[in-house]
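Peer 1: Using the hints provided, position chain B with the ligands relative to the given structure of chain A.
Chains as they are written, first to last, in my numbering: chain A, 1 to 793; chain B, 1 to 166.
If you're looking for bench data, these hints aren't it; they were derived computationally from the structure.
Take these hints with a grain of salt, some might be off.
What the hints assert, rightly or not - Residues from chain A that face chain B, not an exhaustive set, calculated with beta carbons under 8 Å: (1) Ser64; (2) Val202; (3) Gly255.
Glycine included, every Cβ here is placed at the ideal spot set by N, Cα and C.
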Amino acid sequence: MTVQFGNPDRPNSYIGKTVPRPNARRLVEGRGKYVDDILLPRMVHVVFVRCPFAHARINGIDISGAKSVKGLVRVFTGAELAEVCTPWVAVLAHLKGLKSPPQHPMAIDRACWVGEPVVAVVATSRAAAEDAAGLIEVDYDPLPVVGDMMTALDKDTPVLHPEMGDNLAFQRLHEEGNVDSAFASAHKVVSARFRTARHTGVTLEPRSILVDWNPAERQLTAWHATQAPHMMQSVLATHLEVPESRVRVICGDVGGSYGIKVHVYPDEMATAAIAKIMGRPVKFIADRLESFSTDIHARDHEIEARIAVDEAGNILAFDIDDWTAIGAYSVYPRTSAIEGNQVVNLCGGPYDFANYRAKTTVVFQNKTPTCQYRAVGHPIAVAITEGLVDMAAAELGMDPVEIRRRNMYADDSYPVTSPAKMRFEGLSHHQSMDKLMQLMDYDALRVDQAEARSRGVHRGIGIASFIELTNPSPFMYGIGGARISAQDGCTVRMDPDGSIVALSGVTEQGQGTEAMLSQIVAEGVGVPPSNVRVITGDTQVTPYGGGTWASRGAGIGGEAALLSARALRDSILEIAAAMLQADQVSLDIRDGAVVDNDTGAARMPLEELGRIVYFRGDTLPEGLPRELVQTRHYITSEYPFAFTNGVQASYLEVDTETGVVTLLKHWCVEDCGRIINPQLVDEQIRGGIVQGLGGALFEEIHYDEDGQLLNGSMADYLVPMAAEMPDMVIGHVETPTKESTLGAKGAGEAGTAGAPAAVMNAINDALRPLGAQVTEMPFTPERILRALGAIED
Amino acid sequence: MSEIFRAQVDIDLRVNGEQVAARVIAGQHVIDFLREELGLTGAHASCEHGVCGACTIRVNGQAVRGCLMLAAQLDGAEVWTVEGLSDNNTIRDLQDAFVARNALQCGFCTPGMLVSAEELLAQGGIPERGKIREHMSGNYCRCTGYEAIVDAIETVARQRAGKANS
Ligand code: FES
Ligand code: FES
Numbered sequence: 001m002t003v004q005f006g007n008p009d010r011p012n013s014y015i016g017k018t019v020p021r022p023n024a025r026r027l028v029e030g031r032g033k034y035v036d037d038i039l040l041p042r043m044v045h046v047v048f049v050r051c052p053f054a055h056a057r058i059n060g061i062d063i064s065g066a067k068s069v070k071g072l073v074r075v076f077t078g079a080e081l082a083e084v085c086t087p088w089v090a091v092l093a094h095l096k097g098l099k100s101p102p103q104h105p106m107a108i109d110r111a112c113w114v115g116e117p118v119v120a121v122v123a124t125s126r127a128a129a130e131d132a133a134g135l136i137e138v139d140y141d142p143l144p145v146v147g148d149m150m151t152a153l154d155k156d157t158p159v160l161h162p163e164m165g166d167n168l169a170f171q172r173l174h175e176e177g178n179v180d181s182a183f184a185s186a187h188k189v190v191s192a193r194f195r196t197a198r199h200t201g202v203t204l205e206p207r208s209i210l211v212d213w214n215p216a217e218r219q220l221t222a223w224h225a226t227q228a229p230h231m232m233q234s235v236l237a238t239h240l241e242v243p244e245s246r247v248r249v250i251c252g253d254v255g256g257s258y259g260i261k262v263h264v265y266p267d268e269m270a271t272a273a274i275a276k277i278m279g280r281p282v283k284f285i286a287d288r289l290e291s292f293s294t295d296i297h298a299r300d301h302e303i304e305a306r307i308a309v310d311e312a313g314n315i316l317a318f319d320i321d322d323w324t325a326i327g328a329y330s331v332y333p334r335t336s337a338i339e340g341n342q343v344v345n346l347c348g349g350p351y352d353f354a355n356y357r358a359k360t361t362v363v364f365q366n367k368t369p370t371c372q373y374r375a376v377g378h379p380i381a382v383a384i385t386e387g388l389v390d391m392a393a394a395e396l397g398m399d400p401v402e403i404r405r406r407n408m409y410a411d412d413s414y415p416v417t418s419p420a421k422m423r424f425e426g427l428s429h430h431q432s433m434d435k436l437m438q439l440m441d442y443d444a445l446r447v448d449q450a451e452a453r454s455r456g457v458h459r460g461i462g463i464a465s466f467i468e469l470t471n472p473s474p475f476m477y478g479i480g481g482a483r484i485s486a487q488d489g490c491t492v493r494m495d496p497d498g499s500i501v502a503l504s505g506v507t508e509q510g511q512g513t514e515a516m517l518s519q520i521v522a523e524g525v526g527v528p529p530s531n532v533r534v535i536t537g538d539t540q541v542t543p544y545g546g547g548t549w550a551s552r553g554a555g556i557g558g559e560a561a562l563l564s565a566r567a568l569r570d571s572i573l574e575i576a577a578a579m580l581q582a583d584q585v586s587l588d589i590r591d592g593a594v595v596d597n598d599t600g601a602a603r604m605p606l607e608e609l610g611r612i613v614y615f616r617g618d619t620l621p622e623g624l625p626r627e628l629v630q631t632r633h634y635i636t637s638e639y640p641f642a643f644t645n646g647v648q649a650s651y652l653e654v655d656t657e658t659g660v661v662t663l664l665k666h667w668c669v670e671d672c673g674r675i676i677n678p679q680l681v682d683e684q685i686r687g688g689i690v691q692g693l694g695g696a697l698f699e700e701i702h703y704d705e706d707g708q709l710l711n712g713s714m715a716d717y718l719v720p721m722a723a724e725m726p727d728m729v730i731g732h733v734e735t736p737t738k739e740s741t742l743g744a745k746g747a748g749e750a751g752t753a754g755a756p757a758a759v760m761n762a763i764n765d766a767l768r769p770l771g772a773q774v775t776e777m778p779f780t781p782e783r784i785l786r787a788l789g790a791i792e793d
Numbered sequence: 001m002s003e004i005f006r007a008q009v010d011i012d013l014r015v016n017g018e019q020v021a022a023r024v025i026a027g028q029h030v031i032d033f034l035r036e037e038l039g040l041t042g043a044h045a046s047c048e049h050g051v052c053g054a055c056t057i058r059v060n061g062q063a064v065r066g067c068l069m070l071a072a073q074l075d076g077a078e079v080w081t082v083e084g085l086s087d088n089n090t091i092r093d094l095q096d097a098f099v100a101r102n103a104l105q106c107g108f109c110t111p112g113m114l115v116s117a118e119e120l121l122a123q124g125g126i127p128e129r130g131k132i133r134e135h136m137s138g139n140y141c142r143c144t145g146y147e148a149i150v151d152a153i154e155t156v157a158r159q160r161a162g163k164a165n166s
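The following block holds chain A by itself, in its conformation from the complex (with noise of 0.2 Å):
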């Protein structure tokens, strides 16, 4: 099977091209549907009394104030809840030694972090729930805190669970080489501390969840903003003790995810427990502070990391040692071990070197569990390596661009392997630095630059090169023991009239997967994407499937549509062929007709096939197969993962006085592989870049030494609005995958991976003849007022 992806004449040639996405027009017209616009006959909703402490035991709960509100139908307890979910461990098995105790929805008699939900109050309005919650009466005794990441392995450090030995979740050491000779030998070595702030991911719609329980059939119904509703088919089925086929988990519009709502949260299982429980639908809506104090939290790292160069700026040696406290439980069931993981082994990435040592440590403390969000790992790793190589630049007295030149795998050097183990199985550094030197004109760009200095402002270029994990093989959690699948199904069906409906197990979030599988059915089959009916995001009707985590969608769920899409079309043809007593290959199917293939010449719209088939059956031969309807499912198997790459500038003023930092541009480009609709893939990179640049500059969560959370509002944690943000111009390189027809590669996180370490790289371009130097993000004015020595205490 092949499709001549570089004729753009081909007939039906809609991949590549933009499109417009199917779904768009209703959502500007406010006809989405998202969980909370969902009301359902005999409704319930819940609300969770949270903990107020980091660390506290549970000696009573007393909820005779409540018993007076209108409209207050229940309250449960975790042990009332415990009875009917079973507790969780996220471990993985390949993540050798990751530990973290059994996790309930709610806690039993001991909450470990502020946000744990304590009691849940279900009541006919959110209102009157929030009203009971308020009256509620939970006896705490406060308990030791573990709050610092860097002392929580300290002999004086209280055991955060007792019965886990230490507050050590996951170490893991990777060494490659002779490092210490490497750097014992080295021309220069450069060391610096890094740190990456906490962040969450504040999705513009909360978590949400809405769960139904019919007893007579048996069956729960999960309306759910999740990415992946297999996935928490099983959770649900395995947890509340219900087959699989009796739990549907139906996806419809999601307001944002970023990896946020890709995550068991306890509330949310709660939620499912009562639904099972009352046996009617109970809805859960978080708010802001909810938002705040209980979705997952990410990027908590201290790295001290250095490099080692020779005389002619080649790479030597990496040594890095991350830390990183992930709150008080490992998430369910990805786990919390992953962003330290993918430090080890994405540190260097870009870079052709032979000495790599990498270590990541993963400990517990009483703060909100973090787990994997958008580019995990990626910002972390990149900021250090680049970071490191721009130090190590000036030291030699180097250009950042020619360092990076003299390091980067070169173009033809594939398949490789890197230090940190990581199979490529084909890149474009060198292209792709060339591209972006010439979109930003890099040259003209530094003369700017010293023009504005000599008036005596401070602008800084920043480039960062990266590497992006994407379409992951069951070797990312599979492999572990997680029923997380990495297979992903579709299946593409003719109806009577011609048109063409395609199910898909991955879906959206707003990316466009709608469009990209429309375009790739329509073009598999032979219609125009107009005729394509996509339907995402329903575990009752869909292929079984992973959903839409690790820019997974376009690799994995277009390939499978594409193979479904041209098995149907070879099904058309047959029964065409028979029809029109014509050879099968010597037709085609074009823009909804079958079409002779050499001269185009129209033989018979879909519309009278399908007439025939459905209708008239009788008139076929007998023994012609008719199946109108395809599936097909899609796996990676040569690599582990498919690994994208490219290079982000940002150019920047940083204002001395105050430390205000004022984005002037940024650009990426980057090599997703095949690309199917040009607009999309773009707009994924601002949309990461933004992302990105938010974990730069404003966005950290702060909580104090007892463990409270400070910031836990949206006036408080800062994020990017659009006044802050620059124009970015993004360019492509495009090195299809080999392994598979449709050669797409994943572009949901490129942004996000590069931004903070362009960013940081131009701030310290703007200081250096200033001698300061910043490398703990974000890079608050606070912060750059100390780097230059402005504000010292």
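Peer 2: Just chain B with the ligands now, kept in the frame of chain A:
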């Protein structure tokens, strides 16, 4: 919620051009009234304290945050939501531009964005990009990175200015 906020208030208003008479709880916010009582789920509740703009609707000609205003204050008001502005084609060009430019991803911010953008465009002229960014700075979008939104608004401003001149 104290007893005073539990009290019920009768209001008469127009919503999307239709007469509405309702009895609301004094403490109920406009966004909840529209979504829960009238089934107008286009505007969304997100931060619920006036920061994100997801709940932006038009009240008496002005873009207003539905999470900061009480339904009881709507007596005599003229309210327009994205549903009504879609039905009467007021923002059709803006919606077309958002779709064409992919100025929305998850779409959760979009109804609020459209109402805020229309408020700016209604002032006429072709605002500078910086002015557009400034005006839209009360509307949070986590998905798009804003550039496509700014582009779409700029395009419509040009189109409308072109029409006004011809
Ligand atoms: S919900 Fe009203 S401004 Fe955020
Ligand atoms: S499109 Fe998702 S928040 Fe704006």
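Peer 1: Next step is simple, just say for each hint if it's right about the structure.
Peer 2: Right, here's what the structure says about each hint:
1. Ser64: Hint on A:Ser64: violated, closest Cβ of chain B at ~19 Å, above 8 Å.
2. Val202: holds, 6 Å
3. Gly255: holds, 3 Å
Against the hints set out earlier in the document, a violation occurs for number 1 only.
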